[in-house]
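Given the sequences, and given the hints that come with them, work out the whole structure.
Quick mapping for you: the protein sequence lines, in order, are chains A and B. If you read the first sequence in my numbering, its first letter stands for residue 485, the second for the next number, and so on. If you read the second sequence in my numbering, its first letter stands for residue 16, the second for the next number, and so on.
Worth double-checking, as some hints may not be accurate.
[Unchecked claim] The calculated EDC-like cross-link candidates involving lysine to aspartate or glutamate, where the alpha carbons are at most 20 Å apart (straight line), are:
1) A/Lys694 - B/Asp146
2) B/Lys138 - B/Glu112
3) B/Lys142 - A/Asp858
4) A/Lys837 - A/Asp858
5) B/Lys135 - B/Glu115
6) A/Lys841 - A/Glu851
7) A/Lys701 - B/Glu113
8) B/Lys276 - B/Glu111
9) B/Lys348 - B/Glu374
10) A/Lys701 - B/Asp117
11) A/Lys694 - B/Asp325
12) A/Lys734 - B/Glu374
13) A/Lys855 - A/Glu669
14) B/Lys142 - B/Glu112
15) A/Lys616 - B/Asp151
16) A/Lys701 - B/Glu374
17) A/Lys596 - A/Asp586
18) A/Lys694 - A/Glu798
19) A/Lys788 - A/Glu798
20) A/Lys734 - B/Asp151
21) A/Lys694 - B/Asp151
It should be emphasised that the hints constitute simulated quantities derived from the structure, not laboratory data.
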Amino acid sequence: MAFSTATAYFAPQPFPLNTASPRSHDNPLITPASASPFFGSTPKLRLSPSPKFNLHRRSGSGVSVSQVVKEKKPKSTRSLLITKDEGLELYEDMVLGRAFEDMCAQMYYRGKMFGFVHLYNGQEAVSTGFIKLLKQQDSVVSTYRDHVHALSKGVPARAVMSELFGKTTGCCRGQGGSMHMFSREHNVLGGFAFIGEGIPVATGAAFTSKYTREVLKEVDCDHVTLAFFGDGTCNNGQFFECLNMAALWKLPIVFVVENNLWAIGMSHLRSTSDPQIYNKGPAFGMPGIHVDGMDVLKVREVAKEAIARARRGEGPTLVECETYRFRGHSLADPDELRDPAEKERYAARDPIKALKKYIIESNLASEAELKAIDKKIDEVVEDAVEFADESPVPPRSQLLENVFADPKGFGIGPDGRYRCADPKFTEGTAHV
Amino acid sequence: MAAIFQGVGAAAPLSSSPSNSFDSNKSVFSPRRSFSVSKRVSFAVVRSDGKVNLNPKGRRDQRLIPNAVATNAGSAAASKQGHELLLFEALQEGLEEEMERDPRVCVMGEDVGHYGGSYKVTKGLAKRFGDLRVLDTPIAENSFTGMGIGAAMTGLRPVIEGMNMGFLLLAFNQISNNCGMLHYTSGGQFTIPVVVRGPGGVGRQLGAEHSQRLESYFQSIPGIQMVACSTPYNAKGLMKAAIRSENPVILFEHVLLYNLKERIPDEDYICNLEEAEMVRPGEHVTILTYSRMRYHVMQAAKTLVNKGYDPEVIDIRSLKPFDLYTIGNSVKKTHRVLIVEECMRTGGIGASLTAAITENFNDYLDAPIMCLSSQDVPTPYAGTLEEVTVVQPAQIVTAVEQLCQ
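In structure tokens form, the structure reads like this:
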């Protein structure tokens with residue numbers, strides 16, 4: 485199922501600009517023929533331009549593109565998309581993400597963490613679907629909504645929770661916080677507070693991978709980078725500049741758009757001239773794929789292909805995941821603008837419930853096994869909180885450490901004292 | 016502990032070598048050196064008590080640097096060694112040597128590859144090292160600077176060129192947020208060993224936007240180091256030191272200095288990033304300067320010496336952090352400070368330096384610090400107006416006279 489760039493160009497119908505109806509008033513994005521969101525079908529991503537398909541998603545009788553490209557197989561002859569182990573892994577990861585974020589909310593309201601905390605509830609399918617396909621050396625770059633990306637990549641829940649509590653045992657020694665999750669060991673390159681800022685960094689990581697293969701001659705280096713960002717970022721210059729560079733140099737990167745329709749209180753439709761973000765991929769010479777981001781199996785299928793494409797050296801892919809956040813933008817957001825009906829509709833498509841249903845219906849595992857996983861995750865999260873609670877706060881002396889990687893270059897003479905007569909400039913040594 | 020300025024050789028000796036007499040007619044050798052190194056005329060060893068030994072007559076040889084072409088006259092042994100080149104060639108040499116030495120060093124910027132760089136600093140490098148190592152980027156400063164930072168986080172050592180320093184204003188987001196901050200916010204996990212370099216400063220009627228001095232804008236960013244080169248010798252040395260440093264370094268070059276010619280040593284050397292350069296030792300007044308203004312100062316120094324003054328000229332080179340050690344020693348000796356810079360008056364390097372000196376050496380000052388900066392005005396196109404935007408030697412002479420009253 486290769487993406488050929490020759491056919492990677494959608495030719496959508498002209499879009500009715502004055503259609504004011506947001507996605508929430510649409511018919512559900514599944515045709516009546518399909519009973520459950522999980523077909524167990526393999527979405528075949530045919531990217532040929534097909535003017536026949538009506539892409540008026542926003543109008544009343546919209547058909548989603550994921551419909552268009554889905555191949556419906558009768559349930560009895562479908563092959564299972566995942567093995568039992570994979571299923572349980574995906575389930576565990578999503579439950580970890582959900583339980584962790586719920587605990588964050590609790591801790592925030594109890595005054596254990598402060599500032600801006602952006603929770604990922606509802607979007608777990610995207611993180612799990614993509615990141616569980618990566619190797620340790622692959623990199624992930626995210627935005628401020630990065631707790632679950634870090635967890636999926638393998639950063640221990642203890643380290644993330646401590647970081648949120650601002651303790652010195654956090655993954656960034658308490659210096660980063662909610663919006664700056666970094667992990668050298670697991671190749672999580674952040675955690676960025678300004679949107680769009682992480683995309684060039686991800687492009688750089690992908691550049692290093694290509695450089696390592698072609699200049700340093702490590703021919704089996706096929707590290708892939710995933711850049712996660714939202715719909716609001718897709719109107720930002722850095723996004724377009726990086727799409728251009730990644731496609732130009734065929735960098736091994738996948739741009740994953742978590743389109744949850746809302747940038748704080750700004751609806752995607754009110755801020756974007758062409759809301760179909762996947763259209764922007766072909767404009768730069770890369771495939772643009774749209775996928776149902778509430779369905780982890782569909783996301784995983786798309787991710788497999790996009791990541792494989794990057795590994796083969798064929799270049800970047802733009803994947804738009806249609807998803808939704810169940811909570812507000814951050815814990816300080818009253819979330820008054822979104823239509824309750826819209827929220828309900830998406831709550832009904834909760835990815836965890838859907839995967840659970842699939843696993844049980846396909847007899848991959850029993851309810852008891854899933855419950856056991858739930859319990860295990862609860863314990864993990866509680867242990868993380870306990871660990872974070874008991875960890876020490878950073879001492880004052882930590883303030884000026886790590887400002888510079890190489891303070892030895894800073895005017896330290898051979899006698900070990902600062903040559904600069906202004907020692908307040910920086911202190912301490914590089915500490916990892 | 017004597018401080019030898021100019022950081023000759025890879026290991027800049029901070030040893031207590033005996034003070035050598037300053038005599039421009041012979042090259043001064045550090046006792047530890049077994050080879051003769053070509054030195055520039057203005058070289059001295061300043062002891063930690065601030066004394067500089069002059070030749071016995073008490074009158075210094077009048078061999079100053081009269082013009083922008085720095086020559087190393089009178090050194091018979093030295094003239095056989097070293098090679099003469101222009102400043103942009105020195106930068107290129109430094110860059111090329113570092114790229115040879117470490118395969119992870121790469122260059123990215125607009126027109127650095129096939130075009131050879133808008134000021135020819137990267138000439139020939141793409142042919143030699145390939146298109147990926149000397150990367151021609153599209154015109155997207157913010158993004159390719161961010162890309163360089165991402166590459167640095169994952170193991171490469173990019174040298175990011177801004178075609179003109181002013182263009183890096185577009186990359187301010189990445190330089191401030193990522194370049195400066197990521198080492199700290201990641202708790203020390205990721206280092207960003209980038210070098211951001213490019214030509215800046217007021218040129219010859221280039222217009223307001225191409226004549227910007229970004230030192231003042233970048234100086235507050237926590238986590239970055241800033242250096243400014245002014246001669247082929249220190250250009251090559253600083254370039255190499257910046258590439259080898261684990262910190263993000265911004266190297267400021269000047270548009271008008273690229274064609275300076277000087278003889279530099281053949282062997283490998285670096286200049287310490289945090290060190291200032293003693294251009295001309297003196298007794299009466301300390302003149303602190305950097306980049307192109309150094310030459311205006313030296314021109315003024317000629318006039319001043321003829322009038323009987325003895326200015327000490329220090330090229331601070333390191334804009335962040337300041338080398339308060341060298342500067343402090345000088346202040347303790349002369350008790351008068353004049354800062355001459357091309358930066359704007361408001362919030363410029365001079366303003367910071369004034370504050371730093373006042374804070375640390377207030378007791379040693381006999382007079383308030385004077386700071387001559389460019390006018391707070393967008394550089395006009397007209398030649399006559401542009402001339403008065405920057406500090407001219409006549410103003411420096413007047414200022415010193417005023418200071419030494």
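For each hint, the structure was consulted:
no. : hint                : verdict
1   : A/Lys694 - B/Asp146 : 12 Å, holds
2   : B/Lys138 - B/Glu112 : 14 Å, holds
3   : B/Lys142 - A/Asp858 : 59 Å, violated
4   : A/Lys837 - A/Asp858 : 12 Å, holds
5   : B/Lys135 - B/Glu115 : 19 Å, holds
6   : A/Lys841 - A/Glu851 : 9 Å, holds
7   : A/Lys701 - B/Glu113 : 19 Å, holds
8   : B/Lys276 - B/Glu111 : 19 Å, holds
9   : B/Lys348 - B/Glu374 : 17 Å, holds
10  : A/Lys701 - B/Asp117 : 14 Å, holds
11  : A/Lys694 - B/Asp325 : 57 Å, violated
12  : A/Lys734 - B/Glu374 : 53 Å, violated
13  : A/Lys855 - A/Glu669 : 31 Å, violated
14  : B/Lys142 - B/Glu112 : 15 Å, holds
15  : A/Lys616 - B/Asp151 : 35 Å, violated
16  : A/Lys701 - B/Glu374 : 53 Å, violated
17  : A/Lys596 - A/Asp586 : 14 Å, holds
18  : A/Lys694 - A/Glu798 : 11 Å, holds
19  : A/Lys788 - A/Glu798 : 14 Å, holds
20  : A/Lys734 - B/Asp151 : 15 Å, holds
21  : A/Lys694 - B/Asp151 : 15 Å, holds
When each numbered hint is compared with the structure, violations occur for hints 3, 11, 12, 13, 15, 16.
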